[in-house]
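There are 2 protein chains.
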Amino acid sequence: MFAERIKNLNSSFIRDILAVTQQPDIISFAGGLPDPALFPAGQLQEAGERMRQRLGNALYQYGETAGVATLREQIAANLSDANTGPENLLVTTGSQQGLDLVVRCLVDPGERVVVEGPTYLGALQVLRANQAQLLSIASDADGPDLDALETLLKEQPIRCFYAVPDFHNPTGACYSLRRRQRLLALAEMYDFWILEDSPYSALRYRGESLPSLHSLAPQRVIQFGSFSKIIAPALRLGWINSARPVIKVVEKLKQAADLHSSGYDQQLVLQFLLDGCLQPHLERLREIYGERLDAMASALERELGGALSFHKPQGGMFIWATLKRQESTLELFRSAIAEGVAFVPGEAFYVNGEQENSMRLNFSNSSIGMIEAGVTRLAGLINVRLHQTCTAG
Amino acid sequence: MFAERIKNLNSSFIRDILAVTQQPDIISFAGGLPDPALFPAGQLQEAGERMRQRLGNALYQYGETAGVATLREQIAANLSDANTGPENLLVTTGSQQGLDLVVRCLVDPGERVVVEGPTYLGALQVLRANQAQLLSIASDADGPDLDALETLLKEQPIRCFYAVPDFHNPTGACYSLRRRQRLLALAEMYDFWILEDSPYSALRYRGESLPSLHSLAPQRVIQFGSFSKIIAPALRLGWINSARPVIKVVEKLKQAADLHSSGYDQQLVLQFLLDGCLQPHLERLREIYGERLDAMASALERELGGALSFHKPQGGMFIWATLKRQESTLELFRSAIAEGVAFVPGEAFYVNGEQENSMRLNFSNSSIGMIEAGVTRLAGLINVRLHQTCTAG
Chain V
1 MFAERIKNLN SSFIRDILAV TQQPDIISFA GGLPDPALFP AGQLQEAGER
51 MRQRLGNALY QYGETAGVAT LREQIAANLS DANTGPENLL VTTGSQQGLD
101 LVVRCLVDPG ERVVVEGPTY LGALQVLRAN QAQLLSIASD ADGPDLDALE
151 TLLKEQPIRC FYAVPDFHNP TGACYSLRRR QRLLALAEMY DFWILEDSPY
201 SALRYRGESL PSLHSLAPQR VIQFGSFSKI IAPALRLGWI NSARPVIKVV
251 EKLKQAADLH SSGYDQQLVL QFLLDGCLQP HLERLREIYG ERLDAMASAL
301 ERELGGALSF HKPQGGMFIW ATLKRQESTL ELFRSAIAEG VAFVPGEAFY
351 VNGEQENSMR LNFSNSSIGM IEAGVTRLAG LINVRLHQTC TAG
Chain C
1 MFAERIKNLN SSFIRDILAV TQQPDIISFA GGLPDPALFP AGQLQEAGER
51 MRQRLGNALY QYGETAGVAT LREQIAANLS DANTGPENLL VTTGSQQGLD
101 LVVRCLVDPG ERVVVEGPTY LGALQVLRAN QAQLLSIASD ADGPDLDALE
151 TLLKEQPIRC FYAVPDFHNP TGACYSLRRR QRLLALAEMY DFWILEDSPY
201 SALRYRGESL PSLHSLAPQR VIQFGSFSKI IAPALRLGWI NSARPVIKVV
251 EKLKQAADLH SSGYDQQLVL QFLLDGCLQP HLERLREIYG ERLDAMASAL
301 ERELGGALSF HKPQGGMFIW ATLKRQESTL ELFRSAIAEG VAFVPGEAFY
351 VNGEQENSMR LNFSNSSIGM IEAGVTRLAG LINVRLHQTC TAG
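Quick mapping for you: the protein sequence lines, in order, are chains V and C. Residue 322 in my numbering sits at position 322 of the first sequence, and the numbers go up by one each step. Residue 66 in my numbering sits at position 66 of the second sequence, and the numbers go up by one each step.
Careful: at least some of the hints might be erroneous.
List of simulated lysine-lysine pairs, DSS-like, C-alpha gap at most 27 Å [said to hold, decoys possible]:
hint	chain 1	residue 1	chain 2	residue 2
1	V	7	C	7
2	C	324	C	312
3	V	248	C	7
4	V	324	V	312
5	V	7	C	324
Quick partial rundown of chain V residues pointing at chain C, CB under 10 Å, derived from the structure [unchecked claim]:
hint	residue
6	52
7	124
8	156
9	157
10	233
11	268
Don't read these hints as lab results, they were simulated from the structure. None of these values were measured; they are calculated from a predicted model. Cβ coordinates follow ideal geometry from the N, Cα and C atoms, glycine included.
Produce the entire structure from the sequences given, and follow the hints as far as they go.
Okay, here's the thing in structure tokens:
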């Protein structure tokens with residue numbers, strides 16, 4: 001009844017469990033959501049008024065497939081990547097669409113694409129929907145295990161490596177400069193593309209920014225950016241940053257896929273940028289999210305330091321915690337819901353569901369009070385289970 | 001360097017020529033654009049204020065992949081198709097995205113899809129991007145030549161038939177009831193899907209509405225609708241109307257493709273509908289576009305009746321005119337630009353560029369004065385060429 005290409009396509013486990021975790025009495029660390037209380041609603045309203053005055057009825061007409069040119073200029077200016085001008089950018093419906101369009105343009109069915117285990121679930125969905133053959137390598141706090149990657153590369157060529165170098169989803173890791181450079185050297189030597197997904201890059205709470213993979217090797221790397229985490233997800237705006245030959249091909253596919261992304265939302269974000277609202281808003285997000293990260297890390301250390309381990313990230317929205325005992329976090333998840341606290345069980349982020357004893361904890365969408373209460377609920381549950389098993393043993 | 005699936009993908013000839021035809025001294029009948037002067041900007045501004053008050057910051061958060069539930073309820077109510085509830089609808093980024101998602105879910109590479117010759121160029125782009133094998137059949141003022149379709153069907157099975165039954169782009173034709181019924185009977189007998197593209201259905205200026213293909217055979221037909229032509233294209237909102245099994249699969253692909261369409265734009269259109277603005281706006285569009293259609297048909301008859309023939313449509317945005325002589329409208333197009341008038345040469349709308357002596361004339365985006373002046377320019381050109389050839393002969 002349906003086409004072969006969608007046979008492997010599953011609905012996102014995360015989206016499925018979000019329904020459960022949205023009950024009002026549950027403290028949810030499960031979603032990957034920004035805090036709606038921090039959306040710059042007032043500034044967007046003012047930007048909307050200015051935009052309507054400036055553009056009149058033209059605001060509502062069809063637009064360019066690549067996206068509003070002035071918006072692309074603003075994005076290029078914000079990226080301050082010497083290799084990126086507006087002609088290297090294409091505006092997409094969230095970075096998710098950028099990923100889908102680029103994979104459709106680059107990867108034939110059956111071609112090998114390497115991801116980290118664990119990795120972003122939405123990337124797995126895109127790669128499966130486009131019939132890539134998925135391979136995964138382990139990663140640590142400094143990024144992917146490149147010895148493992150090189151072993152794979154010596155066996156057979158690959159088409160792409162999917163990377164989340166800044167505040168990885170789900171692990172929170174930031175690839176070290178050394179790891180970045182070696183990954184790019186491998187891409188050059190073994191001739192593959194790097195898909196650099198950067199939705200969290202601007203959400204750094206401490207430490208120094210590292211150069212993006214794209215800025216280090218613009219001919220090898222296709223970068224994906226997003227306004228979802230730094231302005232508002234409902235506006236569904238992201239971008240592809242790439243060398244011209246790729247942009248030209250993706251633009252043709254984008255034209256077939258939806259003609260262009262919302263012109264209204266593009267103009268709204270453009271006005272917000274022109275009004276100089278982004279930098280002060282980012283500073284506010286960094287301050288508040290940074291405090292929440294600290295609060296969650298301290299609470300986990302204090303209440304669960306004996307039962308789980310984690311590397312505290314320098315930015316992003318997630319802490320990735322691993323139980324010291326080999327216990328299924330999927331089972332733990334069911335009990336946790338009953339106790340009024342939610343997280344995402346780690347196996348959702350693996351190609352084949354390996355490593356069952358990790359969990360992703362989101363700290364951006366809960367107040368410090370909620371974070372502390374949620375960790376206490378979680379600790380009660382994990383420590384009781386620990387005790388029960390010890391007694392039973 | 002790129003994937004096989006995009007090898008056949010061309011940029012839209014129409015989008016390429018739009019750049020040329022947008023010079024201010026050119027009267028353009030080329031685009032497929034609504035008139036921006038008629039966009040309901042004031043009502044959308046008021047709807048925006050009400051929406052922001054109603055939703056607060058929640059307006060800007062991630063939303064459901066299928067689209068805002070209340071918007072789907074409103075669309076279902078407006079369709080008044082007994083087979084369509086909100087659960088049969090999925091909101092897309094324009095109907096163009098609906099078409100792409102559904103073809104990705106239904107058509108494997110190399111599977112046969114039948115279109116009319118001529119047909120909507122954006123559908124050809126989607127089908128090529130998804131590696132369908134394209135076949136075309138002729139059509140007339142009552143719709144596709146179903147004898148030709150049946151001949152094809154007897155040779156080999158097909159996967160889909162792509163139909164634009166109401167005010168076809170580019171021909172303006174409205175399939176007769178008899179043709180609709182026979183097409184559906186063929187779909188049942190030979191087991192294929194019908195993709196019913198209905199962006200113009202609400203733009204009927206005279207005559208009685210006919211039942212949609214979907215309403216006659218909801219298990220066989222996947223229908224595509226759009227707010228682009230009746231509210232505003234920049235908001236990029238359309239929908240898929242289909243039986244649940246298809247919606248469920250498309251929803252999974254949509255999640256991978258872009259998570260969901262703009263929540264902001266969906267709420268804006270929803271508020272416009274809740275405010276009761278759509279029906280009065282449609283009445284205004286029908287009145288003004290209907291007068292423009294009359295003006296263009298009269299001018300063509302008066303000034304070019306000897307040189308070209310056309311069927312006056314009952315709605316939509318286009319007149320499809322065919323030169324009585326076998327002369328290339330692509331060549332004519334180049335001279336027309338020099339004379340300050342533009343249209344789309346007919347060959348753009350064919351799978352293989354057949355029939356070179358037709359042209360698509362848009363009447364929705366020019367005032368009556370511009371329509372008359374443009375037809376006069378065109379008549380001068382065509383009549384001079386006719387005279388030159390007669391003299392030369």
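Verification of the hints:
{"no.": "1", "hint": "V:7 x C:7", "in the structure": "holds (24 Å)"}
{"no.": "2", "hint": "C:324 x C:312", "in the structure": "holds (16 Å)"}
{"no.": "3", "hint": "V:248 x C:7", "in the structure": "holds (13 Å)"}
{"no.": "4", "hint": "V:324 x V:312", "in the structure": "holds (16 Å)"}
{"no.": "5", "hint": "V:7 x C:324", "in the structure": "violated (50 Å)"}
{"no.": "6", "hint": "52", "in the structure": "holds (6 Å)"}
{"no.": "7", "hint": "124", "in the structure": "holds (9 Å)"}
{"no.": "8", "hint": "156", "in the structure": "violated (18 Å)"}
{"no.": "9", "hint": "157", "in the structure": "violated (14 Å)"}
{"no.": "10", "hint": "233", "in the structure": "holds (4 Å)"}
{"no.": "11", "hint": "268", "in the structure": "holds (8 Å)"}
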